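We have chain Z already, so just place chain V on it with the hints.
Number of protein chains: 2
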Amino acid sequence: MLASLETPVPLVDLDRLEANLGRMASHADTLGLALRPHVKTHKTPWIAGEQLGRGAVGVTCATTAEAEVMAEVTGDILFAHPPVHPGKLARLLALPEVVSPMVGLDSEEAVRLLAAGARERGREVGVLVELDLGMRRVGAQNPQDAVRLARRIEGESHLRYAGVMFYPGHIKGPVSEQGPALERLRNDLGGVLHALDREGLPAGIVSGGSTPTAGRTGEVEGMTEMRPGTYVYNDRITVATGSCSRDDCALTVLATVVSTAVPGQAVVDAGTKALGREPFGDLAGFGELLDRPEVVVRAMSEEHGMLDLSETAWRPEVGEQVRIIPNHVCIVVHLNDLCVGVRGDRVERSWEVAARGRKFEVWGRMAFAQAGMSTGASSRVKRGI
Amino acid sequence: MLASLETPVPLVDLDRLEANLGRMASHADTLGLALRPHVKTHKTPWIAGEQLGRGAVGVTCATTAEAEVMAEVTGDILFAHPPVHPGKLARLLALPEVVSPMVGLDSEEAVRLLAAGARERGREVGVLVELDLGMRRVGAQNPQDAVRLARRIEGESHLRYAGVMFYPGHIKGPVSEQGPALERLRNDLGGVLHALDREGLPAGIVSGGSTPTAGRTGEVEGMTEMRPGTYVYNDRITVATGSCSRDDCALTVLATVVSTAVPGQAVVDAGTKALGREPFGDLAGFGELLDRPEVVVRAMSEEHGMLDLSETAWRPEVGEQVRIIPNHVCIVVHLNDLCVGVRGDRVERSWEVAARGRKFEVWGRMAFAQAGMSTGASSRVKRGI
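Chains Z and V are the protein sequences, given in the same order.
Residues 1 to 385 in the working numbering are what the first sequence lists, from first letter to last.
Residues 1 to 385 in the working numbering are what the second sequence lists, from first letter to last.
Treat the hints as calculated values from the structure; they're not laboratory data.
Any given hint might turn out to be false.
[Claimed, not checked] Simulated restraints on C-beta separations: (1) V/V98 x Z/A3: 28 to 38 Å; (2) V/E317 x Z/R186: 28 to 38 Å; (3) Z/R112 x V/D291: 17 to 27 Å; (4) V/N142 x Z/W314: 17 to 27 Å; (5) V/E311 x Z/G155: 33 to 43 Å; (6) V/E311 x Z/E72: 55 to 65 Å; (7) Z/S245 x V/Q144: 46 to 56 Å.
[Claimed, not checked] Below are the DSBU-like pairs computed for lysine-lysine, each with C-alpha atoms no more than 35 Å apart in a straight line: (8) V/K359 x Z/K172; (9) Z/K359 x V/K172; (10) V/K172 x V/K359; (11) Z/K359 x Z/K172; (12) V/K359 x Z/K359.
Remember, it's a predicted structure, so these values are computed and weren't measured experimentally.
Glycine is no exception: its CB is placed at the ideal position from the N, C-alpha and C atoms.
The following block holds chain Z by itself, in its conformation from the complex (with noise of 0.2 Å):
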């Protein structure tokens, strides 16, 4: 059944996912947040969809082709990332009227033209102050900051200040020793939310988490949700963190050999393209077979994949089919356009990445004009979706 299928491609066992669905929306509920899941993992409506109906209270996006997938089945949608161009300005503002969009931002430029946009098109945009509680990636660094943001947003027209937001990103060693990082993470968040409601700006959303720190957010106090994104599928990265099982496991790249003529190794047609690089502290290589742990993808081209046979008497035929858990499966998902559902060797379904998308019209359009360009060249460019 499976070996009808052309390699490489993304297979999902669906026994899995809708477990790792159920599992994330029970704690979520038994911690008392809400679960806004972020979709960069999947970034299929149908699945955001078995989300909300697990009691997601909405989704959240980092490119403007996921927020405008994700409007065909929520109204609900945080855009996780300043929309500090125009372009991508234009696109959120120009989402359905029945979303109602939310935007995290870190800077009073990004206040200035989200409100500008917001006041011109004459729409409601929620915001969220994003912290940096450690990640040093983007955020508020302290909470004179936050505060000055706060009001900042509180004193535009069309912008209504919806709370925080940060991402612990940072934290993603094992579960056991999370402690200490997620203290200081604490204490911290809990520094801005004192200074916050100081200043008569109390925030109503306190948004975090991710699917390393999922297990231990109820420690974090003052949450009101989480956005975990890897769980829907995960991968060896969450496996090697401790916060889920490798049955948990639920997406491989199902990949041909196509060679073993160097002694030692199998090639497989699953290389760069198909997996991704992502290496990882010390796990060995870039992803391992399903059924052979012991066996791991230990070096890629951009369409070759090398198995190492060094641990294991298996000594696969050219033409033999394997399943590879990938390191690190947000970007599996980016890469390919189909994913393959299945329960056991029985495909039951397949579906695109409808939002993988990075094309644009509106700007990409009007910048074509002005350089005169021909209609044919012109009505190439695509919407991102």
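Relative to the frame of chain Z, chain V by itself:
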């Protein structure tokens, strides 16, 4: 002008692209070698057309989508990946009749499958025996294996033994230091060609060469053609190996600064999903700014790139745009859907990365039909182009 393009987006400097195309065409001409460029770098029929217009004899492909798309512009297609999967084989053999497909392979099983498919379709397929000349990825390991495969191919009614191919992807150090590795390769190749001659199986085509080795390909006796790919755009890696100058890098990723909150860095909206994570040797980071080589992309999340400001006095504003030269341009093209061609700051054209596709139809549809899928789900499985 560029400011109106939604970021992140790959920009191609058309003057540089044209110069790169011309330079390699002249180089192959000077060496008296046929040029059969690998399209994996651009995945775009119009650029393949430009290569053919400058004298390329055909193209090299690694995926079925690439082969199908390139059939629009040439009938001479080398599929440089053993098509041992029945789905891939079926797609290759279904290419338009004007196409004379040629395949590289390294196993008896691959010959058997290809011969059976070609016979069934009544179609002749040229075959190159792939040799391992030091890369240790795929390829016949010694002259005896090469002779055995060549003889096997010659004995098949619908296969045409056309010669040998190799990929010197293990030689990627500085051009000036390639001598010893090239000498070993030359000796190994000589041994294989001698054995084939002696057995009455002379190689008509001897195909090799990559962008990093292009400058010294003339030193390898017996070659008849070269298959560089990256040279159309170049990148930080081809600059680092000395195979081009920095001014030959034709593709940059246009990105917008979205946050400067964390001191010492600026965050842009191009992360691993637009730039790719392709570390190389002692090259710092994952990309560098076109205008400021001292500023590198130090770290990435999926949609965030962290610019390291430690070596510059420049302090960008939120909203400012930058152009990033990526480490490995072939991955960037595959991650995106759209490229924009510019001359200076003027947008001249845009095109879809038409052959990036990772969808499939024939075998997918069959699989779904067997599983009793609904028409709605099945109709979502579109052609991989």
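Could you tell me which of the numbered hints above are not met by this structure, giving the numbers in increasing order?
6
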